[in-house]
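Peer 1: Residues per chain are reported as follows:
2 protein chains.
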Amino acid sequence: MSELKKMGERAAEASYGLSAMLAPEKNKALRLAAEALLNNKESIIEANRADIENALANGIKGALIDRLTLDEKRIEGMADGLLQVASLPDPVGETVEGKTLPNGLVIYKRRVPMGVIGIIYEARPNVTADAFGLCFKSGNAVILRGGKEAINSNKMIVDIMRKALKENGYNEDCLQLVENTDRSSAEEMMRLNGYIDVLIPRGGAGLIRTVVENSTVPVIETGTGNCHVYVDKSADLESAVKIVINAKTQRPGVCNACESLLVHKDIADLFIPMVSEALKEKDVEIRGDEKVCSLVSGSVKADETDWGCEFLDYIISARVIENTDEAIAHIRRYGTKHSECIVTEDYREAQKFLDRVDAAAVYVNASTRFTDGGEFGLGAEIGISTQKLHARGPMGLKELTTTKYMIYGNGQIR
Amino acid sequence: MSELKKMGERAAEASYGLSAMLAPEKNKALRLAAEALLNNKESIIEANRADIENALANGIKGALIDRLTLDEKRIEGMADGLLQVASLPDPVGETVEGKTLPNGLVIYKRRVPMGVIGIIYEARPNVTADAFGLCFKSGNAVILRGGKEAINSNKMIVDIMRKALKENGYNEDCLQLVENTDRSSAEEMMRLNGYIDVLIPRGGAGLIRTVVENSTVPVIETGTGNCHVYVDKSADLESAVKIVINAKTQRPGVCNACESLLVHKDIADLFIPMVSEALKEKDVEIRGDEKVCSLVSGSVKADETDWGCEFLDYIISARVIENTDEAIAHIRRYGTKHSECIVTEDYREAQKFLDRVDAAAVYVNASTRFTDGGEFGLGAEIGISTQKLHARGPMGLKELTTTKYMIYGNGQIR
Numbered sequence: 001m002s003e004l005k006k007m008g009e010r011a012a013e014a015s016y017g018l019s020a021m022l023a024p025e026k027n028k029a030l031r032l033a034a035e036a037l038l039n040n041k042e043s044i045i046e047a048n049r050a051d052i053e054n055a056l057a058n059g060i061k062g063a064l065i066d067r068l069t070l071d072e073k074r075i076e077g078m079a080d081g082l083l084q085v086a087s088l089p090d091p092v093g094e095t096v097e098g099k100t101l102p103n104g105l106v107i108y109k110r111r112v113p114m115g116v117i118g119i120i121y122e123a124r125p126n127v128t129a130d131a132f133g134l135c136f137k138s139g140n141a142v143i144l145r146g147g148k149e150a151i152n153s154n155k156m157i158v159d160i161m162r163k164a165l166k167e168n169g170y171n172e173d174c175l176q177l178v179e180n181t182d183r184s185s186a187e188e189m190m191r192l193n194g195y196i197d198v199l200i201p202r203g204g205a206g207l208i209r210t211v212v213e214n215s216t217v218p219v220i221e222t223g224t225g226n227c228h229v230y231v232d233k234s235a236d237l238e239s240a241v242k243i244v245i246n247a248k249t250q251r252p253g254v255c256n257a258c259e260s261l262l263v264h265k266d267i268a269d270l271f272i273p274m275v276s277e278a279l280k281e282k283d284v285e286i287r288g289d290e291k292v293c294s295l296v297s298g299s300v301k302a303d304e305t306d307w308g309c310e311f312l313d314y315i316i317s318a319r320v321i322e323n324t325d326e327a328i329a330h331i332r333r334y335g336t337k338h339s340e341c342i343v344t345e346d347y348r349e350a351q352k353f354l355d356r357v358d359a360a361a362v363y364v365n366a367s368t369r370f371t372d373g374g375e376f377g378l379g380a381e382i383g384i385s386t387q388k389l390h391a392r393g394p395m396g397l398k399e400l401t402t403t404k405y406m407i408y409g410n411g412q413i414r
Numbered sequence: 001m002s003e004l005k006k007m008g009e010r011a012a013e014a015s016y017g018l019s020a021m022l023a024p025e026k027n028k029a030l031r032l033a034a035e036a037l038l039n040n041k042e043s044i045i046e047a048n049r050a051d052i053e054n055a056l057a058n059g060i061k062g063a064l065i066d067r068l069t070l071d072e073k074r075i076e077g078m079a080d081g082l083l084q085v086a087s088l089p090d091p092v093g094e095t096v097e098g099k100t101l102p103n104g105l106v107i108y109k110r111r112v113p114m115g116v117i118g119i120i121y122e123a124r125p126n127v128t129a130d131a132f133g134l135c136f137k138s139g140n141a142v143i144l145r146g147g148k149e150a151i152n153s154n155k156m157i158v159d160i161m162r163k164a165l166k167e168n169g170y171n172e173d174c175l176q177l178v179e180n181t182d183r184s185s186a187e188e189m190m191r192l193n194g195y196i197d198v199l200i201p202r203g204g205a206g207l208i209r210t211v212v213e214n215s216t217v218p219v220i221e222t223g224t225g226n227c228h229v230y231v232d233k234s235a236d237l238e239s240a241v242k243i244v245i246n247a248k249t250q251r252p253g254v255c256n257a258c259e260s261l262l263v264h265k266d267i268a269d270l271f272i273p274m275v276s277e278a279l280k281e282k283d284v285e286i287r288g289d290e291k292v293c294s295l296v297s298g299s300v301k302a303d304e305t306d307w308g309c310e311f312l313d314y315i316i317s318a319r320v321i322e323n324t325d326e327a328i329a330h331i332r333r334y335g336t337k338h339s340e341c342i343v344t345e346d347y348r349e350a351q352k353f354l355d356r357v358d359a360a361a362v363y364v365n366a367s368t369r370f371t372d373g374g375e376f377g378l379g380a381e382i383g384i385s386t387q388k389l390h391a392r393g394p395m396g397l398k399e400l401t402t403t404k405y406m407i408y409g410n411g412q413i414r
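As they're listed, the protein sequences go chains A and B. As numbered in the working numbering, residues 1 to 414 make up the first sequence, in order. As numbered in the working numbering, residues 1 to 414 make up the second sequence, in order.
Careful: at least some of the hints might be erroneous.
Which copy is meant is left open, so a pair is good if it fits within one copy or across any two.
As the list claims (entries may be wrong) - Derived pair list, reagent style DMTMM-like, types lysine to aspartate or glutamate, alpha-carbon separation capped at 20 Å:
| no. | residue 1 | residue 2 |
| --- | --- | --- |
| 1 | K352 | E94 |
| 2 | K291 | E122 |
| 3 | K109 | D372 |
| 4 | K398 | E97 |
| 5 | K5 | D303 |
| 6 | K99 | E375 |
| 7 | K109 | E97 |
| 8 | K155 | D355 |
| 9 | K41 | E94 |
Read the hints as simulated data drawn from the structure, not as lab findings.
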């Protein structure tokens, strides 16, 4: 039996115990894990230093090094995250619906844990603690498979939390880390049906595509967002500029950032210079259609790939369109069904856009950056689902559970 | 572009219109389709005759021929099914939850169609009309890929319903049939990401396994049920006999039929002769452990594979166990997480079994045969999900939908 299957068996055993654990006991474990992280900051920073040295030696630099780096403040952030999850309501045990059938059978649909969750992720080592917290609170054992860049940090963080669990009488196999970071271990995880109930990839588009294409274990697809802001002819233009700037630049590297701007033709001459000035102040490159280029000096002509591109950078594509219908058609063609926004003062256009755009989140007069578990009041999130099965949009604790029917009879037969 | 991708594009276009269609208009289409089937019984029976002749020529016989056969009554059943779906409430447009955030954003989570559903199924041609009805009512376009045995029947049924749609101004591409029944067409469907939003296999364990293992499109796994009835020492033994007989023999070929009987050791000497007599009356073969074999003349010794086997036949495995914990452990090891039952008068044992058995449906004192969309009051079902993502247990109209967040703002930015 492979090492991963053995991990899967241990995880199943741990999840069986965890599934019956009540909230106070789970919350206590999360607080102990948080405390252990705070008590071992130095060991974590030391392990992290080894990762950074390896990364630098391998020519990695800039933002990637920043994402990999753990300092005291980030470790405190990880511990705070665990405490915050401890403070959230427990989704397990909720009765979702219930009824009595005409034959007297009483049926309850109860929320229960999934069982074993696999998470494949990339460089950020703080995901390690976050993912554990959410999975544990929702009653699931987790098998984590991080990237090789963060392996020393991940091992240390997992060791510290497992030790805290074990010393306090919890089954430490609720949390396991795949230490083999070869491609082969990720591939085996993707085919571990019967051991892993659901697999969640967290990372770039390439990772997510690989998991979706190769996994036979059910996957929740997260992430890719080619989000549009459509500025209708009736828009409050000052508000529209603020929304575009916020959606594009408040944090350009994330999936709910705006990548493409659509502007109604009737206001193009007025609005495009306004917004391009504001974008230029933030050093955003504009890739426009002919009309946009004619209005904005220094803008680059967009080609077909730009319309479909998730830049994750200080770049925005921009196009002048006829009306809301054309905006909707453009989004149908190029969007990734993540977050889409119309800026308008017109009731009919607002309703049409909300009804007809197919996405996890559709906005009127607000930044697409709000598509987030914390912002939506879920308390925390494991990712943003861009698929239609199971969960759509930000996923919190509830989305890490399933249900089971519990049926009370008194001898009924068919 | 492949024929299937073209079908996918037409389905996407049709689903876009269908997603905005209100219930009365959808119900009218379903009634028209039902009427068309009734008006064309003879053509359907004629096409079906060709399928039966081919099947007989290929050496197919018995139950399979019966499943393939359409007569007037079965066609009326198909039409009735469509009318019944027309009479069910429309799941689309329901507001699942809603709230106002502290920043004034108003968020609604609304139920919307999936988009395009693919269904891969085997010989029974009545699935063709059933699946169309459920997908259409829930606002989804459907691409059907039936088995080669029923291809003439399926083509005729689909042609008749498409014609009814078209003549009445509906987009007939809401319903499309893959006419190529080679393995290659099923394989291509499994990889049609971007065209098919969800794939549902309906059929035997082999078909389902193939789809789960090969599909990159999200799949809802249906079907396999190795269901247990555990008779506790406190059980009402007469009721227990009725439940076992019903669960095993009322319809042995379906996934919610009982395949395995577990009996508490304290009542084995009394109960096993009672139940074996009743089972023998129904010509059920018993494959037992040593103790069962010692009590039942003519029973066969069960081997390891029998405990895990979904017989779908007049065969039951039977085992004497120590207590409820051992029953739960046995089910954890051999069960398929479909439907499990305890027969007991003991409160603690009942609650323990309900809490600790991980399955789509867990019963106290009732036949496992109730795990069914119709019985659960869903009105109709597209299948019984045995996975934990999205839907678990019988799936009705609601399970063919997803949700989207609709957010009303007034200029909010982060």
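Peer 1: Next, verify each hint and record whether it holds.
Peer 2: Outcome of the hint check:
1. Proximity of K352 and E94 under a CA criterion of 20 Å is satisfied inter-copy only: 17 Å between copies versus 36 Å inside one chain copy.
2. Proximity of K291 and E122 under a CA criterion of 20 Å is satisfied in neither setting, with 40 Å inside one chain copy and 54 Å between copies.
3. Within a single copy, K109 and D372 get their C-alpha atoms only as close as 28 Å, which misses the 20 Å cut-off; across copies the closest is 14 Å, which meets it.
4. Taking CA atoms no more than 20 Å apart as the test, K398 paired with E97 passes in both settings, with 15 Å inside one copy and 13 Å between copies.
5. When the C-alpha separation of K5 and D303 is checked against a cutoff of 20 Å, the pair qualifies neither within a copy, at 47 Å, nor between copies, at 25 Å.
6. Taking the shortest alpha-carbon separations for K99 and E375, only the inter-copy value of 12 Å comes in at or below 20 Å, while the best intra-copy value is 34 Å.
7. In the homo-oligomer, the alpha carbons of K109 and E97 lie at most 20 Å apart both inside one protomer (5 Å) and across protomers (18 Å), since each shortest distance falls under that limit.
8. In this assembly of identical chains, the alpha carbons of K155 and D355 never lie at most 20 Å apart, being 47 Å within a copy and 34 Å across copies at closest.
9. In the homo-oligomer, the alpha carbons of K41 and E94 never lie at most 20 Å apart, since the shortest distance is 37 Å inside one protomer and 49 Å across protomers.
Violated hints, in rising order: 2, 5, 8, 9; the structure is consistent with all others.
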